[in-house]
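A.B. asks: Heads up: the sequence shown runs through residues 1 to 295, numbered per full-length UniProt numbering.
Please keep in mind that the hints were generated in silico from the structure rather than gathered at the bench. One or more hints might be untrue.
[Stated by the list, open to error] Label-pair distances were calculated between CB atoms; the ranges are:
hint: 1; residue 1: 94; residue 2: 223; range: 21 to 27 Å
hint: 2; residue 1: 222; residue 2: 129; range: 40 to 46 Å
hint: 3; residue 1: 183; residue 2: 272; range: 16 to 22 Å
hint: 4; residue 1: 55; residue 2: 102; range: 26 to 32 Å
hint: 5; residue 1: 224; residue 2: 161; range: 22 to 28 Å
hint: 6; residue 1: 26; residue 2: 52; range: 35 to 41 Å
hint: 7; residue 1: 277; residue 2: 137; range: 28 to 34 Å
hint: 8; residue 1: 293; residue 2: 273; range: 36 to 42 Å
hint: 9; residue 1: 183; residue 2: 129; range: 28 to 34 Å
hint: 10; residue 1: 179; residue 2: 55; range: 41 to 47 Å
hint: 11; residue 1: 295; residue 2: 183; range: 51 to 57 Å
hint: 12; residue 1: 206; residue 2: 295; range: 42 to 48 Å
hint: 13; residue 1: 254; residue 2: 78; range: 27 to 33 Å
hint: 14; residue 1: 118; residue 2: 26; range: 40 to 46 Å
Predicted, not measured: the structure shown is a model, and the values here were computed from it. Each residue gets a CB set at the ideal place from its N, CA and C atoms; glycine is no exception.
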Amino acid sequence: MDTMDVVDAQVHLGRGMITATLEAMDALGITSVLIDEFWGGQLGQAHPTHIEPGYALGNGAWRAAWPTAEEASIVRPDRFSYLVRIDHRDPHLESVMRFVGSSPNARAFRLQPVWTLEDADAFAAGAYEHLLEIAREVALPLFVFIPGFVELLEPYARRYPELTFVIDHCGMGFPGIPPDRPQAEARAALDAGYFDQVLRLAELPNVALKWCHAQDRFGSAIYPYDDLRPILRRAIEAFGAQRLLWASDKSVIAGHTWSDLLHCVRDDPELSQEEREWILGGSARRILKWPPAPE
1 MDTMDVVDAQ
11 VHLGRGMITA
21 TLEAMDALGI
31 TSVLIDEFWG
41 GQLGQAHPTH
51 IEPGYALGNG
61 AWRAAWPTAE
71 EASIVRPDRF
81 SYLVRIDHRD
91 PHLESVMRFV
101 GSSPNARAFR
111 LQPVWTLEDA
121 DAFAAGAYEH
131 LLEIAREVAL
141 PLFVFIPGFV
151 ELLEPYARRY
161 PELTFVIDHC
171 GMGFPGIPPD
181 RPQAEARAAL
191 DAGYFDQVLR
201 LAELPNVALK
211 WCHAQDRFGS
221 AIYPYDDLRP
231 ILRRAIEAFG
241 AQRLLWASDK
251 SVIAGHTWSD
261 LLHCVRDDPE
271 LSQEEREWIL
281 GGSARRILKW
291 PPAPE
């Protein structure tokens with residue numbers, strides 16, 4: 001196997017998973033992973049972004065915690081870094097974001113602004129302006145889980161050209177997010193034709209795309225997912241390989257192994273070696289400002 005620098009731009013890690021994850025990374029030839037710490041959802045909570053570890057604040061906001069990600073990144077900073085989910089309603093938003101930005105192991109923030117229609121309306125109305133002002137000063141990129149609502153990102157991306165926005169999971173709609181979306185809109189966001197909306201954002205140089213969940217979003221069930229290749233090619237033609245980040249999200253996407261999710265890109269005969277190197281690691285290193293691991 002060639003020694004390509006492979007960075008997985010989203011892996012959910014929880015308690016007790018560091019050693020086993022390292023062993024799997026070594027077996028697969030994955031150099032580094034960006035951790036989005038995830039222990040599971042809070043049953044009975046009023047808001048779906050209440051994901052452990054973390055705690056609810058008095059105003060209903062959720063403040064994430066990342067103990068496993070911090071431990072992994074301290075022990076093996078060459079192999080692990082992490083992002084932090086941010087709730088724009090946090091009453092100490094600036095302090096939290098500046099604290100995250102001060103860590104040498106934190107690489108990005110993650111936003112989830114469309115879990116409910118109320119959230120989506122607030123995002124469209126400019127509710128994230130203050131958060132983005134802080135992010136501009138902290139100078140960390142923003143991963144945005146905005147399935148089927150990518151058009152709402154454009155005004156922010158134009159207003160903050162200094163910030164890098166990474167559209168999560170191909171930007172395509174997810175079933176039930178938000179649960180109260182009108183059926184016609186929900187169907188349109190789930191249709192493969194919605195990808196045209198995503199590709200339009202490529203004209204903004206500060207917007208990148210995370211190539212992740214393509215198997216689910218475009219209905220490709222069997223490795224090596226040949227039917228995804230023309231879709232990936234469209235993304236490369238729009239964004240350029242330098243703005244595409246591969247991620248497995250291997251603990252959430254069902255029915256696909258970590259190896260399959262990696263090798264469908266690594267062994268894609270229609271990609272050049274340079275394209276593979278950018279998508280599988282180079283773009284993440286550049287956007288996250290994460291130096292390559294030592295030889």
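A.B. asks: Next, verify each hint and record whether it holds.
C.D. replies: For each hint, the structure was consulted:
1. A beta carbon spacing of about 45 Å between residue 94 and residue 223 contradicts the range 21 to 27 Å that was offered as a hint.
2. Here the CB-CB span from residue 222 to residue 129 is close to 44 Å, well matched to the stated 40 to 46 Å.
3. For the hinted restraint 16 to 22 Å between residue 183 and residue 272, the CB-CB distance of approximately 42 Å leaves it violated.
4. Checked against the hint of 26 to 32 Å, the pair residue 55 and residue 102 fails, with Cβ atoms roughly 21 Å apart.
5. Checked against the hint of 22 to 28 Å, the pair residue 224 and residue 161 fails, with Cβ atoms roughly 38 Å apart.
6. About 28 Å separates the C-beta atoms of residue 26 and residue 52, a value inconsistent with the hinted range of 35 to 41 Å.
7. Checking the proposed 28 to 34 Å range against residue 277 and residue 137 shows it holds: the Cβ atoms sit about 32 Å from each other.
8. For residue 293 and residue 273, the Cβ-Cβ distance of about 20 Å falls outside the hinted range of 36 to 42 Å, so the restraint is violated.
9. Restraint check, residue 183 to residue 129: a C-beta distance of roughly 31 Å satisfies the suggested window 28 to 34 Å.
10. Here the CB-CB span from residue 179 to residue 55 is close to 24 Å, at odds with the stated 41 to 47 Å.
11. The given range of 51 to 57 Å is respected by residue 295 and residue 183, whose C-beta atoms sit roughly 54 Å from each other.
12. For residue 206 and residue 295, the hinted distance range of 42 to 48 Å is not satisfied, since their beta carbons lie about 32 Å from each other.
13. At about 30 Å, the beta-carbon gap between residue 254 and residue 78 stays in the expected band of 27 to 33 Å.
14. For residue 118 and residue 26, the hinted distance range of 40 to 46 Å is satisfied, since their beta carbons lie about 45 Å from each other.
Checked against the numbered hints above, the structure violates hints 1, 3, 4, 5, 6, 8, 10, 12; every other hint is satisfied.
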